[in-house]
Each structure stands twice: as C-alpha cells, then as structure tokens.
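If you want the building blocks of each chain, they are given just below.
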Amino acid sequence: MAMNYNAKDEVDGGPPGAPGGTTKTRRPDNTAFKQQRLPAWQPFLTAGTVLPTFFIIGLIFIPIGIGIFVTSNNIREIEIDYTGIEPSSPCNKCLSPVSTPCICTINFTLEKSFEGNVFMYYGLSNFYQNHRRYVKSRDDSQLNGDRSALLNPSKECEPYRRNEDKPIAPCGAIANSMFNDTLELFLVANESDPTLTLIPLKRKGIAWWTDKNVKFRNPPGTESLKERFKDTTNPVNWLKPVYELDPEDEDNNGFINEDFIVWMRTAALPTFRKLYRLIERKNDLHPTLPAGRYYLNITYNYPVHSFDGRKRMILSTVSWMGGKNPFLGIAYITIGSISFLLGVVLLVINHKYRNSNNTADITI
Amino acid sequence: ETIITLNKAKIKIWVLTGDKQETAINIAYSCNVFEDEMDGVFMIEGKDSETILQELRGKMKPESLLESDPVNIYLKKKPKRTFTMPEELPRGDYGLVINGYSLAFALEGNLELELLRTASLCKGVICCRMTPFQKAQVVELVKSMIKAAHIGVGISGQEGMQAMLNSDFAFSQFCYLQRLLLVHGRWSYNRMCKFLSYFFYKNFVFTLVHFWYAFFNGFSAQAVYDTWFITCYNLIYTSLPVLGLSLFEQDVNETWSLHFPELYIPGQHNLYFNKKEFVKCLIHGIYSSFVLFFVPMGTIYNSERSDGKDISDIQTFCLIVQTSLIWMVTVQIALKTTYWTMISHFFIWGSLGFYFCILFFLYSDGLCLMFPSIFQFLGKALSQIWLSLILSVILCVIPAFGYQFLQPLVFDRINHCKTRPPQVRVRTKLKHPSLRRSAYAFSHKQGFGALITSGKTTKTKPNKKNSFPVKKKESSDISTRIVAFQEKSISGVPSTIPLKF
Numbered sequence: 001m002a003m004n005y006n007a008k009d010e011v012d013g014g015p016p017g018a019p020g021g022t023t024k025t026r027r028p029d030n031t032a033f034k035q036q037r038l039p040a041w042q043p044f045l046t047a048g049t050v051l052p053t054f055f056i057i058g059l060i061f062i063p064i065g066i067g068i069f070v071t072s073n074n075i076r077e078i079e080i081d082y083t084g085i086e087p088s089s090p091c092n093k094c095l096s097p098v099s100t101p102c103i104c105t106i107n108f109t110l111e112k113s114f115e116g117n118v119f120m121y122y123g124l125s126n127f128y129q130n131h132r133r134y135v136k137s138r139d140d141s142q143l144n145g146d147r148s149a150l151l152n153p154s155k156e157c158e159p160y161r162r163n164e165d166k167p168i169a170p171c172g173a174i175a176n177s178m179f180n181d182t183l184e185l186f187l188v189a190n191e192s193d194p195t196l197t198l199i200p201l202k203r204k205g206i207a208w209w210t211d212k213n214v215k216f217r218n219p220p221g222t223e224s225l226k227e228r229f230k231d232t233t234n235p236v237n238w239l240k241p242v243y244e245l246d247p248e249d250e251d252n253n254g255f256i257n258e259d260f261i262v263w264m265r266t267a268a269l270p271t272f273r274k275l276y277r278l279i280e281r282k283n284d285l286h287p288t289l290p291a292g293r294y295y296l297n298i299t300y301n302y303p304v305h306s307f308d309g310r311k312r313m314i315l316s317t318v319s320w321m322g323g324k325n326p327f328l329g330i331a332y333i334t335i336g337s338i339s340f341l342l343g344v345v346l347l348v349i350n351h352k353y354r355n356s357n358n359t360a361d362i363t364i
Numbered sequence: 365e366t367i368i369t370l371n372k373a374k375i376k377i378w379v380l381t382g383d384k385q386e387t388a389i390n391i392a393y394s395c396n397v398f399e400d401e402m403d404g405v406f407m408i409e410g411k412d413s414e415t416i417l418q419e420l421r422g423k424m425k426p427e428s429l430l431e432s433d434p435v436n437i438y439l440k441k442k443p444k445r446t447f448t449m450p451e452e453l454p455r456g457d458y459g460l461v462i463n464g465y466s467l468a469f470a471l472e473g474n475l476e477l478e479l480l481r482t483a484s485l486c487k488g489v490i491c492c493r494m495t496p497f498q499k500a501q502v503v504e505l506v507k508s509m510i511k512a513a514h515i516g517v518g519i520s521g522q523e524g525m526q527a528m529l530n531s532d533f534a535f536s537q538f539c540y541l542q543r544l545l546l547v548h549g550r551w552s553y554n555r556m557c558k559f560l561s562y563f564f565y566k567n568f569v570f571t572l573v574h575f576w577y578a579f580f581n582g583f584s585a586q587a588v589y590d591t592w593f594i595t596c597y598n599l600i601y602t603s604l605p606v607l608g609l610s611l612f613e614q615d616v617n618e619t620w621s622l623h624f625p626e627l628y629i630p631g632q633h634n635l636y637f638n639k640k641e642f643v644k645c646l647i648h649g650i651y652s653s654f655v656l657f658f659v660p661m662g663t664i665y666n667s668e669r670s671d672g673k674d675i676s677d678i679q680t681f682c683l684i685v686q687t688s689l690i691w692m693v694t695v696q697i698a699l700k701t702t703y704w705t706m707i708s709h710f711f712i713w714g715s716l717g718f719y720f721c722i723l724f725f726l727y728s729d730g731l732c733l734m735f736p737s738i739f740q741f742l743g744k745a746l747s748q749i750w751l752s753l754i755l756s757v758i759l760c761v762i763p764a765f766g767y768q769f770l771q772p773l774v775f776d777r778i779n780h781c782k783t784r785p786p787q788v789r790v791r792t793k794l795k796h797p798s799l800r801r802s803a804y805a806f807s808h809k810q811g812f813g814a815l816i817t818s819g820k821t822t823k824t825k826p827n828k829k830n831s832f833p834v835k836k837k838e839s840s841d842i843s844t845r846i847v848a849f850q851e852k853s854i855s856g857v858p859s860t861i862p863l864k865f
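Sequence lines, in order, name chains A and B. What the first sequence shows, in the numbering used here, is residues 1 to 364, in sequence order. What the second sequence shows, in the numbering used here, is residues 365 to 865, in sequence order.
Excised from the complex, chain A in its bound form:
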C-alpha cells in the first residue's frame, strides 16, 4: 500500500482535524472543479420527454419515408441480363466462343419512355471486388503518374507486377481484371420500318471528378503517350496496352481513361453496377429514350460464367436521391411507424404503472 494522500477526501469547513503539529495545511483548494461541484445540467428521462420524442420521430420519419419511396418509384429502370446461361439466350454462343470477338444481340422493349438524362450501367454479380487481397493489389503512385513507380511498381501488385521482365502498367489485380465488353444501343424506329438508330453514348463524364483530375494522372512529359509508357507492358489479360484505350481523345487515354477509372474504384459488395455511358437528354421535347423496341449489341469479351457470375446492362434515370432504391423509403416508413407504435405502447404502460402507484415522479 503506497502512501496516497487523496485530496478529495478533505471536506472544507469540517471540524478542524488534529494532524499533529503545525505543518502547512494540506487542505486542497475549495474550487468548484476540485470539489466536484461544477454547475451542471442533469436531465431526467421523464414521461414528458420520452413519449413526445417517440411521437415526433414517428411523425417526421413517415412523411420522409413516403417522399423517398414515391421518388424512388418514379425512377425508371430496366435491367437486361446478358450472361447467356440459358440455351435460349442469344449470348449463349459466346460462352465458349468459336471466334473472338463474339458479338451477340439482345432485344428488349421499353414500356414507358425515359425522360431526362439516362445512364447506362453494366452490372456484375458474384464478383468480389471487395476481397482484401484484391483491394490492396494496386499502386496509386503509379496511377498518379509517378515516373519511378511506373517503372518499379509496388510489391502489393504481386503477382501482376512484372511480365516478361518489364513492369506492368497499370499493375495489380484490379487493373488486370478490367471490364472490357462493348455495349451499343439501337432503337428500332417502328414495326414496319426496320431501320436502326444508334443512340449516342457519351463516354466521358462518368468518373468522379476528383478521381479524374487529382488521383489519376498520366506520366508527365511532352512526348506522345506511347513514348511515355515505353518501358512497360500491358497487363496480362488486356488485349491492348493502356495508351490505346482511347486513341482518339488524348484526355481519355492512358491512366485517365474514364472506363478504367470507374473500374478501379472498387465496389463494396459482390453485386454492383458501374457507370458505363451517358445518354444525354435532347434539347427538344422528345424523350431521351422513347418507348419501343431496342437492340443491345454486345461484344462479349468478359468471361464470368466460370465463377457463376452474372453480367447485365442497366438503363436508369436518376432523381435527387439517386437511383432506384426502395430500401430507404421502406425503412423510414417502417421505423416511423414502429416508433409511433412504441410511443403508444409506452404511453399505455406509463399510464398503467402510474395509476398503480400514486407517488409518481419516475426518474432515473
């Protein structure tokens, strides 16, 4: 037991003790802080505060939930699965391709027209982009244009770091598994007239602004992009090198190719969708995608059926709260009603127990 003079044990104003002798007083300061008398607010959970809280939560959440739900229902969305597992599917032949590239076409019909900006996504299922070893298999310095990292990628990229004695650019498993199907959309004018109208798909403006402008940069230099990447090789599963991702547009080539950037932003769940193209709304009063029949032309390069994955194409409009997601709306409505019900139940319990004991004042 050590000697420990605890200052808190002294009470000011008590009878003078007799510590023996006239040593200097060890009485601690009589401040509010040291004597634990700080002014404070002591809330009590009374029936008067708890019950209105539950009712208010219920009253606020239910309209919010209804608003979100209605908004979500007004969003148009269509999903086309084009993996080709069923033998009747047009893309079934691409599962074991006779000739590469394999092209297949799927018909679908839009019941209602899509207004405003329409977004075209590709979705994958059972694809674990959130696997820990996968997520860390990248080199952000290299992707940011650092020359030394370009020629000497980080160890995290193993085993996709070097190939044939040259560093891989971009290195890592994420880059290696980039989605490379090509999707095209055609509108069938009407039944009698089989001409196909190609829907214009915008390929820029699909990645996050901060990704495109800050995080991903091509290696610096004045020479051509091919020259800047000269001592590197493309990832093992890629058909083209990185500087040929979009040869027509310098701003979309190399590491800053937006499809590449979108792919490198790893998804959190095994079923995800990534933005592929934009269909901008027209200035006149015509809907962006009128109702009718459409052809989806797929250049089927990306094999998924070996791990039971699925591929799909999604067309969707958006609203202030994003895409079609009924979860938030339903959740808010549910929690609001539960809260309201709980408020009622607590009111009943409170009433019953208060009456059984007349000395109220329920405090904690």
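Fair warning: there could be bad hints in the mix.
[As the list claims (entries may be wrong)] Every beta carbon over 12 Å from chain B, so not counted as near; a handful from chain A, in silico:
| id | residue |
| --- | --- |
| 1 | E184 |
| 2 | S224 |
| 3 | L225 |
| 4 | K226 |
| 5 | P241 |
| 6 | V304 |
[What the hints assert, rightly or not] With a Cα cut of at most 30 Å, we get these calculated DSS-like pairs of lysine-lysine:
| id | chain 1 | residue 1 | chain 2 | residue 2 |
| --- | --- | --- | --- | --- |
| 7 | B | K640 | A | K352 |
| 8 | B | K644 | A | K352 |
| 9 | B | K376 | A | K352 |
| 10 | B | K487 | A | K34 |
| 11 | B | K644 | B | K487 |
| 12 | B | K700 | A | K34 |
Everything labelled a hint here was simulated from the structure, so no lab data went into it. Think of the CB as a built atom: it goes at the ideal place given N, C-alpha and C, for glycine as much as any other residue.
Guided by the hints, dock chain B onto chain A, whose structure is given.
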C-alpha cells in the same frame, strides 16, 4: 453518527482491540456498533476447540450441525478450489463478542470457516484482548475468504503517522469516512460501471461490423473502415468523452448521497456491472453493429448518386459506416451521461466536430497528392449519407432510450414488489438493560501471558499494552483499532479498511 450511517448502508463493523472485554463492549454500545435493539449478543468464551465450535454454531444456526450444510460438506471433502462463502441472511440483528484466547483456537483449521460464517451473519463483531498478530490474522482471514478488494484508510491521530504511511487514503477525522464511502466511493463505483459498459459497447459495435461484412466479402477480412479511422477511433475520437464521463459523472449529488446511505447497497451487491450487465452490453453491441452494417448496405446496394455516378464503392461505404458509428456512440454516451458539466459538453460535441475536421483534412486533395498510396480516399459527402446516418442512429438509439425509460418504471417496480423490504422494527423494550455499562476499569480476567507462552501467536512483537479506559465517544486519543469492511467488494472501491486513530 458515522457508524449509524454506515450501518444504514449495510456495512458491518468489526472492532479488533487489545482492550478487555467490558471496555470493548462499552465502546461498542456507545459507538452504536451494538445497539440496544439488537436481537442478541453472543459471547464466545470457550477454552478449547469443541466448545468454541459448539458456541459458534449452536447459537446462530442450529441446523448448521447437520450433514447437509454446505460448509460441512466442504469441510469433509476438502476440495482443492477455494471456498466462497454462501450468502446467508440473518434473521435479525446480532452481535458477536470473542476474546483473544478463544480466537486463537478459532483461527485454526476448520474453525476459521465457522468463525467467519457466524461473524458474517452479525451486524457487529467485537474481538477483544487481541494481540497485533491476531489482528492481522483476522484481517487476512476475511480478505481471503470473501475475496474482496481492499483499501486501507489511515486516520491521523496523536498516536503517530504509522497508519497513515501504510494506507491508501488518510485523513484526520473518523467522520470523514462517511464521505469517503458514501459519496466518493459510490460515485467512483457508478462511474466505473458506466465507463466499463460503455467502453465494451463501443468496441463491440466497432468490431462486430466486420463479422457481418465477412459474409459479403468472401470472408477475406477486408476492413469496413479506412485504416486511419481504425487508428484514431479509440485514441482520438472517442477517448475524451469517456474521460469526461469517468471524471465528472454523478447520479445524485453529495447531499443526497449522505442523506440516503441505502444508496450504497447496489455497490455492495455488484448490481451495476456484473455478468448480466455485460451480456446486455454485448447484445446491444451486436444489435447496433447489425444496424450499422445493414442500413448503409441497403442504402448503396444497386444504387447511384444523384448525378448518376457510382455510390456503391468501398470508399463511400466506409465513409457512411464510419460516420454513422461515430454518431451512434456519441449519442449513446450522451444518453448515459446524467451530469452534464461544461466540460462534458465540450468533450462530447468537440470530439464529434473534431472527427469531421479530421475527415475533411484526410480526404483533401493536398494530402493525396503528397502521399497517394496512403491517403487513397478522396471525395465529398453525399445526401444519401445523411439519410442513412439518421436512420441508423435513430434505429440504434430507440431501444436503449425505451429501455432506459422503462427500467425504473416497470422492472424495478417488479423487483421491488417481489422482495418486500423488512418491516421497520418498532423500538422494543430494551432487552439487556443492565448487563453492560459496567464501570469497572480493570480486568477481572487473566491477561495475555498464558496465550503468548502457549505459542499460538508465533509472530508477536513485544506486547505493547495500549488500552486506556474510555473517556468520550469520538475522542482522538482512543487507541482502538476498528476494522470496517463490507460483505462484497465494490469494483474500484476496495473494502477492508483498517483504521487507526
């Protein structure tokens, strides 16, 4: 008055003294260790083990002589593991007086257990004619059998500084003991329990989210949080509020604590943090982590931002979960704090604000350009995040809120009705009006000599006789040792208090 108050708090008082029996009994009555209304005062005066055994058992509990008694079973079997005293309730208030000679026998072997058991049923125990070594033995006995935590409190008197130097706490008056136990001890217990349950809760929520995420990431142990968040969570974001809670929390103020010593009882019975509370904490943590994971997951599942771009990436998911977590534990500690000083406000809301500052700092462009691999996350907050956050926080808080409201209303009332408190006893006619208060100032009985030469107290120092006749009640020149302790320990406030004044 101090002893009366401590008695109300169900603290049992033992007096270990070297005085003779009459003196000790007189002191006991005058200090309210024994009261006139007590149902009985037992004297153990046997000269050998058998008599003492008979006296100990027969007087208190005749059925303890039976075979089926747990203590008997223990004594027969002698198991290896140590024996904890079964909790026994006395049928009234009793006192016990035992002198040093009998104690020498009672502290041997099996009788130790009997002594302890009998003495634990008594409201007050006087051990008189004790040698210093026996005093230590008794303290040791109680310590080991009841397994209590201890503090030593020294009262500085004219006898010197020896007790003070050896003790954990020291002060100058016996009456300060009241404040030590009933105010500071009780607050300390309360704070400790709140701190523990909150700390476990916050870490359960933090960690168990990964359990749920494992089902969705191929069991690859991918973290749900940004690595910097994991580093800073316990260190920076949640440390100050917990500190504030542990330093300043009071459930009732000091005046009430002194006025109602019965408030001390929950500490003695481990009511505020025991296995049941821990399990409650765990269940709450599991539920919160469930909400914390699945609400953000539902928000981003197959969803997009309002400009059509991706929202279902790991960065956004981490951000939503982290922010919801911080909000959730902040609201939880705000619910637990019942004494809001300015400092509490500053710590709690300050930590929250600090989190947001650090978030913007870590996610800014500048740091990412300098260290691209470390600070990978860039981006801004989104409106769906707020919706999801509010939903998850409210969903977590509603059960805790409702439970906190219902508990004193329903559950305590039920418990109260089950165990009706004993009727307040009417002050009956004095039972032993004249047996005490003998005015004899010198002993009728033999002194220590035979005891010491018998070799039973092998560790004695030279026997300093330091007993004086009683002068007044709380005078500081009474040199009697009072050992005060309670049945069960309070975590954080150890209980055996040898005092010397």
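* Do the alpha carbons of B:K376 and A:K352 lie within 30 Å of each other, as the hint requires? -> 40 Å, violated
* Is B:K644 close enough to A:K352, meaning Cα to Cα at most 30 Å? -> 26 Å, holds
* Examine each Cβ of chain B, and state whether all of them lie more than 12 Å from the Cβ of A:E184. => It holds; A:E184 is separated from chain B by about 19 Å at its closest Cβ, greater than 12 Å.
* Do the alpha carbons of B:K640 and A:K352 lie within 30 Å of each other, as the hint requires? -> 28 Å, holds
* Could you grab the alpha-carbon distance between B:K487 and A:K34 and see if it respects the 30 Å cut-off? => Between B:K487 and A:K34 the Cα gap is close to 36 Å, so the pair fails against 30 Å, i.e. violated.
* Asked: Given the hinted pair B:K700 and A:K34, is their alpha-carbon gap at most 30 Å?
  -> 23 Å, holds
* Run the C-beta distances from A:S224 to all of chain B and say if the shortest one exceeds 12 Å. => 24 Å, holds
* **12 Å cut-off, C-beta based - A:P241 kept clear of every residue in chain B** => With a cut-off of 12 Å, A:P241 remains clear of chain B, as the shortest Cβ separation is near 22 Å.
* Asked: Minimum Cβ separation between A:V304 and chain B greater than 12 Å?
  -> Consistent with the label, A:V304 stays out of reach of chain B, its closest Cβ about 16 Å off (over 12 Å).
* Asked: Beyond 12 Å from chain B, beta-carbon-wise, is A:K226?
  -> Its Cβ never comes within 12 Å of chain B, the nearest being 24 Å, so this holds.
* For the pair supplied as a hint, B:K644 and B:K487, confirm whether the alpha-carbon distance does not exceed 30 Å. => 35 Å, violated
* **Least C-beta distance between A:L225 and chain B, which was stated to exceed 12 Å** => 20 Å, holds
Going down the numbered hints, you'll see the structure goes against 9, 10, 11, while the others check out.
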